[in-house]
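Peer 1: Spelled out from the first residue to the last, the chains are:
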Amino acid sequence: MNPGVRLCGDDVVSVACEDTQSAQALADHLRESGEWLECVAGIASCVAQFDLAAVSAEEAVRRMASALRDAPAARDADAEVVEVPVCYGGDHGPDLDDVCERLGLSREAFIELHTGSEYGVDMLGFTPGFAFIGGFEAAQEVPRRSQPRVRLAAGSIGIAGGRTGIYTLPSPGGWQIVGRTPMRLFDTSSAQPFRLRAGMRVRFVAIGPDEFDGWCAE
Amino acid sequence: MTFTVLKPGLQTTVQAGPRTGLRHLGVPAAGAADPLSLALANRLVGNPLLAPGLETTLNGVSLGFQSDGFVAITGARAKAWLNSEQVKLHRTLAVAAGDELEIGAARLGARNYLAVAGGIDVEEVLGSASTYLPAGLGGVHGKALRSGDVVATVPAAGTPKTLKTPKEFRPPASNSWALRACYGAEVDLLNKESRFDLFDTNFSVGFRADRMGLQLEGARFEVTSGGRLASAPVFPGTIQCPEDGIPFLLSIDAQTIGGYPRVAQVARADRHLIGQLRPGDHLRLLWRDVGSARDELLAKHDYWGKWLPGIHDVI
Numbered sequence: 051m052n053p054g055v056r057l058c059g060d061d062v063v064s065v066a067c068e069d070t071q072s073a074q075a076l077a078d079h080l081r082e083s084g085e086w087l088e089c090v091a092g093i094a095s096c097v098a099q100f101d102l103a104a105v106s107a108e109e110a111v112r113r114m115a116s117a118l119r120d121a122p123a124a125r126d127a128d129a130e131v132v133e134v135p136v137c138y139g140g141d142h143g144p145d146l147d148d149v150c151e152r153l154g155l156s157r158e159a160f161i162e163l164h165t166g167s168e169y170g171v172d173m174l175g176f177t178p179g180f181a182f183i184g185g186f187e188a189a190q191e192v193p194r195r196s197q198p199r200v201r202l203a204a205g206s207i208g209i210a211g212g213r214t215g216i217y218t219l220p221s222p223g224g225w226q227i228v229g230r231t232p233m234r235l236f237d238t239s240s241a242q243p244f245r246l247r248a249g250m251r252v253r254f255v256a257i258g259p260d261e262f263d264g265w266c267a268e
Numbered sequence: 011m012t013f014t015v016l017k018p019g020l021q022t023t024v025q026a027g028p029r030t031g032l033r034h035l036g037v038p039a040a041g042a043a044d045p046l047s048l049a050l051a052n053r054l055v056g057n058p059l060l061a062p063g064l065e066t067t068l069n070g071v072s073l074g075f076q077s078d079g080f081v082a083i084t085g086a087r088a089k090a091w092l093n094s095e096q097v098k099l100h101r102t103l104a105v106a107a108g109d110e111l112e113i114g115a116a117r118l119g120a121r122n123y124l125a126v127a128g129g130i131d132v133e134e135v136l137g138s139a140s141t142y143l144p145a146g147l148g149g150v151h152g153k154a155l156r157s158g159d160v161v162a163t164v165p166a167a168g169t170p171k172t173l174k175t176p177k178e179f180r181p182p183a184s185n186s187w188a189l190r191a192c193y194g195a196e197v198d199l200l201n202k203e204s205r206f207d208l209f210d211t212n213f214s215v216g217f218r219a220d221r222m223g224l225q226l227e228g229a230r231f232e233v234t235s236g237g238r239l240a241s242a243p244v245f246p247g248t249i250q251c252p253e254d255g256i257p258f259l260l261s262i263d264a265q266t267i268g269g270y271p272r273v274a275q276v277a278r279a280d281r282h283l284i285g286q287l288r289p290g291d292h293l294r295l296l297w298r299d300v301g302s303a304r305d306e307l308l309a310k311h312d313y314w315g316k317w318l319p320g321i322h323d324v325i
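Residue numbers (my numbering), protein chains in the order written: chain A, 51 to 268; chain E, 11 to 325.
Keep in mind the hints are simulated off the structure, nothing from the lab. Hints are not guaranteed to be accurate.
[Unchecked claim] Here chain E is said to cover these stretches of chain A; the calculated rule only asks that three of the stretch's residues, wherever they fall, bring their Cβ under 8 Å from a Cβ of chain E:
1) 55-63
2) 81-95
3) 144-154
4) 179-189
5) 242-249
6) 253-264
[Said to hold, decoys possible] Quick list of simulated restraints, FRET-style, between CB atoms:
7) A:Pro122 x E:Phe206: 40 to 46 Å
8) A:Glu130 x E:Thr30: 23 to 29 Å
9) A:Gln242 x E:Ala309: 38 to 44 Å
Just so it is clear, CB atoms sit at the ideal spot from N, CA and C, and this is done for glycine as well.
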């Protein structure tokens, strides 16, 4: 048996992965096989749920080990870079000043830093469409808020532990909110309800409050 | 047929089967917290086992009917009345225009299910009619029912037979439960004593108990994660142990990703029971190896399949 493959529960198999990219590639591979009920990539693992009535645990472990041999090491990079407009600070980003102070940056320098790179979507989770976006190394030491906020507006952009998170729905949340996007990232009335997917590339683009309102009016 | 909500109760929602295959997009399962009871109710009115019905929480619901039809009530131990006359659970009940039906407070168990012949007419969102309240998906505008809501049902294909659930297929209500469970992915992060306690504690269900999950009180567990675990997938039935040492049992609305050690996973065979746990109930976890967990699931399917053909899709 592959040492990385283990059961965690009667109908769930987990595999430790080297990084998020290989976890995503394995999850995609498993999903395409049609043999699993759920295939979810975590930050450093890939977890799949199987139909215990149809498949024994031994068989599931065997299938996972064989998928592990066949899956590509990383998925093909998405060519598309999704530009996410963000209105930083003010009412839309109540924690921006705290984050800046912690990082020893001016607002302008923070915005330049955050909009200056391309990032990868590590995973969607927590609530439908919530995007965990990795690669904001400068904010590695920024913790979550000790007291989570009870209600954040949809589109709120949070920072914590080197990641950027986008709240696609109004919800409680503990990330440090630096801005808000007017872009609808989860819309069940759309043919494609999820604008972002794990593995996609993202670039943040700073917009002003007027532009934000303009987007919302569209 | 249509009915109007007279008293909505604490949290009454439309629930059917779960959303499946979308957890990688952050979409939780939702669906009946006790799908076996929903299936038993649907069976009595001739519906597919997971047709959309109503799920009540702790204190029932009152409805007024605008047209004739057939309904059935299952789930928690509770009284029910049709026009002030007591009616039994686990029966096909004929209702007429102008009738009022009330489900009273649950005395044992947490949730009752009402099925209506034809099923409740709501649109499927992301593959299921089930209400997921945190994101406002499914059901009646994604919300719990409110007084005055008018709910329509799909026309029933003919008149259902008048049935009773046979006695041996009525799940016993209780305030003391045992759920079979297997070790979770990070059980090794519990110290030896805590690992023993997990299966040797008479837990009580805390007041933080809803469709998302339930706090289990009774022992303080020591985890050595240091609070810095990479976020990893979780499922209904996963028991997480945060640093405060109070385990949390995830239910049908469980989020898709969690950051706490996953110490155990309630076996699929017993996951449907989670929906009947209420604050103050006693709970023990019974350790199973994965082989016996599967045998017990297959045995349960065999048993319930005699009254509920298609049970495999339900539990």
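Peer 1: All hints, please: hold or fail.
Peer 2: Hint-by-hint comparison with the structure:
no.	hint	result
1	55-63	holds (count 7)
2	81-95	holds (count 10)
3	144-154	violated (count 0)
4	179-189	holds (count 3)
5	242-249	holds (count 4)
6	253-264	violated (count 0)
7	A:Pro122 x E:Phe206: 40 to 46 Å	holds (43 Å)
8	A:Glu130 x E:Thr30: 23 to 29 Å	holds (28 Å)
9	A:Gln242 x E:Ala309: 38 to 44 Å	holds (43 Å)
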